[in-house]
Structure formats: C-alpha cells, structure tokens
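*Asks:* Please arrange chain B on chain A, whose structure you already have, making use of the hints.
There are 2 protein chains.
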Amino acid sequence: MIRRDIPDIIVSRLPIYLRALRHMQAQKQQTTSSQELGEQVGISAAQIRKDLSQFGEFGKQGTGYNIAFLIGKLREILQLEKVWDVALIGMGDMGHALARYPGFTDRGFRVAMVFDNDPGKIGTQVGDFEVRNMKGIVDTIREAEIKVAMVCVPAEAAQEVANQLVVAGVKAILNYAPISLSVPEGVRVQYLDPSIGLQRMTYYLG
Amino acid sequence: MIRRDIPDIIVSRLPIYLRALRHMQAQKQQTTSSQELGEQVGISAAQIRKDLSQFGEFGKQGTGYNIAFLIGKLREILQLEKVWDVALIGMGDMGHALARYPGFTDRGFRVAMVFDNDPGKIGTQVGDFEVRNMKGIVDTIREAEIKVAMVCVPAEAAQEVANQLVVAGVKAILNYAPISLSVPEGVRVQYLDPSIGLQRMTYYLG
Chain A
2 MIRRDIPDII VSRLPIYLRA LRHMQAQKQQ TTSSQELGEQ VGISAAQIRK
52 DLSQFGEFGK QGTGYNIAFL IGKLREILQL EKVWDVALIG MGDMGHALAR
102 YPGFTDRGFR VAMVFDNDPG KIGTQVGDFE VRNMKGIVDT IREAEIKVAM
152 VCVPAEAAQE VANQLVVAGV KAILNYAPIS LSVPEGVRVQ YLDPSIGLQR
202 MTYYLG
Chain B
2 MIRRDIPDII VSRLPIYLRA LRHMQAQKQQ TTSSQELGEQ VGISAAQIRK
52 DLSQFGEFGK QGTGYNIAFL IGKLREILQL EKVWDVALIG MGDMGHALAR
102 YPGFTDRGFR VAMVFDNDPG KIGTQVGDFE VRNMKGIVDT IREAEIKVAM
152 VCVPAEAAQE VANQLVVAGV KAILNYAPIS LSVPEGVRVQ YLDPSIGLQR
202 MTYYLG
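Heads up: the sequence lines are chains A and B, in that order. FYI, in this note's numbering the residues of the first sequence are 2 to 207. FYI, in this note's numbering the residues of the second sequence are 2 to 207.
What the hints contain is simulated information worked out from the structure, not anything from laboratory work. Don't take each hint at face value.
[Said to hold, decoys possible] Each pair of labels, with its calculated beta carbon distance range:
hint, chain 1, residue 1, chain 2, residue 2, range
1, A, Glu82, B, Ala156, 18 to 28 Å
2, A, Lys61, B, Thr32, 51 to 61 Å
3, B, Thr32, A, Asn67, 31 to 41 Å
4, A, Val168, B, Thr64, 30 to 40 Å
5, B, Gln31, A, Gln31, 53 to 63 Å
6, A, Ala46, B, Gly187, 40 to 50 Å
Cβ atoms here follow ideal geometry from the backbone N, Cα and C, with glycine treated the same way.
Chain A extracted, bound-state conformation:
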C-alpha cells in the first residue's frame, strides 16, 4: 500500500468509520452496507465507497462489507495493530482525565508516561503513573522511542513543549492547548480543542 498519496481528508475519516464499525461489532452485527455506515457517521454512502476504494476492494456488490474484515483492514491501514506508547505532558485537569481515560484500550494507544514541571506534582501518583519532571523530557522520550504525545499544558507553554517533543523525536502531537503549534515538516499536529468542536456546529444553529 502506498502511504502519503492518500489525501489527508480521506485518512481523517477512516477512524470515524472504524469507530462506527466497532460499535456495530459490539452489537453482534456481522455485515454492513455503505448506506448504513453512512447514516451512522453522517457521510454519504458514495463518499464512503470512494474513500474505501482507495485502499482496495473491501465490499461485495449486493452483500456489503464484512464488519470484522473491514475493521481489520482499517486497523492495518491506520497502523493500529501495534500499540503506540503515548507521552502525556501537563497534569492539570485535562491531563488527569487523559491519564485515566478508558477509551484508549484496544484502540491502538497506551499512555506510557506523564510529565509536568510543577514541583508540587512531580513524583506524585496519577492513576498508574508517577509524574515525571519536564526537565528530563527530551532524553526520556528519545530513549523510550516514543513517537506520539498529548499536550495539555497552558497555551503559553505549549509551543515550548512542542519544540522539546520534536527534538525528542515525536512525530504526532495531539494538542489540547488552545493555540496553534508550529512544527517542522514530518511532524503532525491534531487539535482537540473543545471550542473548535463547538464552533463547527454553531454555524447551523438557528
């Protein structure tokens, strides 16, 4: 499979299909159609067929998609068959929530270490983790070969944290700070800013 040639907008929809398929699977469903999947995720059936066709032939005309097979394929495409270790930076409210978030299990991720720069927090226990000192973050992350990080520090600290993560070799940052981060090419940032999620919807409110 050729990576990087698929438009990002298509890649961005695959996790949404995956979640809906797993939901169907949890309800003991065996097959689905692009119509049904489309209704679940709010994307047209034609778009779903087009998106999936980028990666091969997954469904059969008339019989639809085998859910278990399609889940396996999407996990393979998204490289979720391994479990990615994730570094979590910033142990405020959001960091606490993420350190204990149950929704990573079996979805490709595992929080592996947590960091803060507050002497009152360093060394304390959050869930299964002892909070590490930000001072050693570059070496620690580099040695652990961690490529994925979540940033939950205040806006004014986020760029500096991102810079250190980049030096440490991190290639994917999930940013909760309400600020745009500058990163070099080859490093990806996703924003999970609740204001942005809400702003996408207010356009439609009467």
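*Replies:* Here is chain B on its own, set in the frame of chain A:
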C-alpha cells in the same frame, strides 16, 4: 448569507482559520495572506481562498487579509458574536476538566450548568457550579433554552443522555464518550475522542 448551502467540510475549517487568526492577532499582527495562514494550519493557500470566497470578498489581491476584519467576519458566519450557554453532562475526570476549561472564554461559549446522576456528586461544587441531578435534566435544559451540550458520561450511558438532550431541545452535542450517537435530523454531533485524534496521525508514522 445563505446557511446550510455551504458544505460541512468548509464550515469545519473555519474555526481552524479563526484560531490561527486570533493567534496572529495576539501577536499584534495586522494583516495576513492565504499563504501564511495556510502554512499555519496545514491547508493550501488555494483551498483557503476558495473556502473564504464562499462567504464574500474578504481579502484584496496583493494586500491580503485584514486580520481583525476577517476574525469579525468568521465570528459572524459561525454565529459566535453571542455567547452560547452549554450544558455539561457527566462529572468524571473529563467533565471536571471541561467545567474549568479556560479556553471557552471569548470564543463563543460558557458552561452554564453541569449534571451527574451519582448521588455522591449531586449537590457538590465543581468550579463555579453545583452539580445538578440528571433526573431533572429535560425540564431544566428546556427552561433555560440551552441548545448546546457536552457529553462526558461513560459509553454505555451516552445514548440515553443524548436522547434526553434531544427531547430537551439541544441541537449541538459535543460527545466525549467513545461511542457513535444516533440523533434525529437537525441535531449535530461532534466527537472529540482522543483515540480518533491519534488514529488520524498513526497512518503517517513510519
């Protein structure tokens, strides 16, 4: 301006432009170009010009965009000139984080009330809020005419909560539960599931 005729994919990019523009404004910048904005947000300059042209003529050839003017226009398009009251349901870790999240201020939203069904939490104080009983949620939200909600309850409770929100008249739900919600037409759901944010990036990791 005609609402609903603009593709959702374009609407979804406007909050991202808005955040980047506000970041520029905070740094005392007065004008920008589609090139510069594109580099900040990882979207092509041509796409940005095309997106913005859906709503009118915002920039001048050669001189670019006036940042303050464009921010005002985007806020107007996204209906962020008013402050939307938001109901927050589920006072676990994530609910606590959102109740105290500083990033809503001046971005169009205000948490107005928080709910839980746990007798040990009902009546307790979280930040500025007294936790309300889920039992009264439909009437309370309807009376307050709240149209926007954030759902942070466990996956198995999320659909039932969403059903009650719909009955109460909520039209926009930001869902943190790791599950797809079924809602009737006219109600929008956005998912801020950290696994989804991470899965969008692992595709690109070597």
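*Asks:* Determine for every hint whether it applies to the structure shown.
*Replies:* Comparing the hints with the structure gives:
1. Glu82/A / Ala156/B: 18 to 28 Å: holds, 23 Å
2. Lys61/A / Thr32/B: 51 to 61 Å: 54 Å Cβ-Cβ, so the 51 to 61 Å window holds.
3. Thr32/B / Asn67/A: 31 to 41 Å: The hinted range 31 to 41 Å is violated for Thr32/B and Asn67/A, with Cβ atoms some 54 Å apart.
4. Val168/A / Thr64/B: 30 to 40 Å: Because 37 Å falls inside the window, the suggested range holds.
5. Gln31/B / Gln31/A: 53 to 63 Å: holds, 59 Å
6. Ala46/A / Gly187/B: 40 to 50 Å: violated, 20 Å
Hint compliance for this structure: hints 3, 6 are broken, all remaining hints hold.
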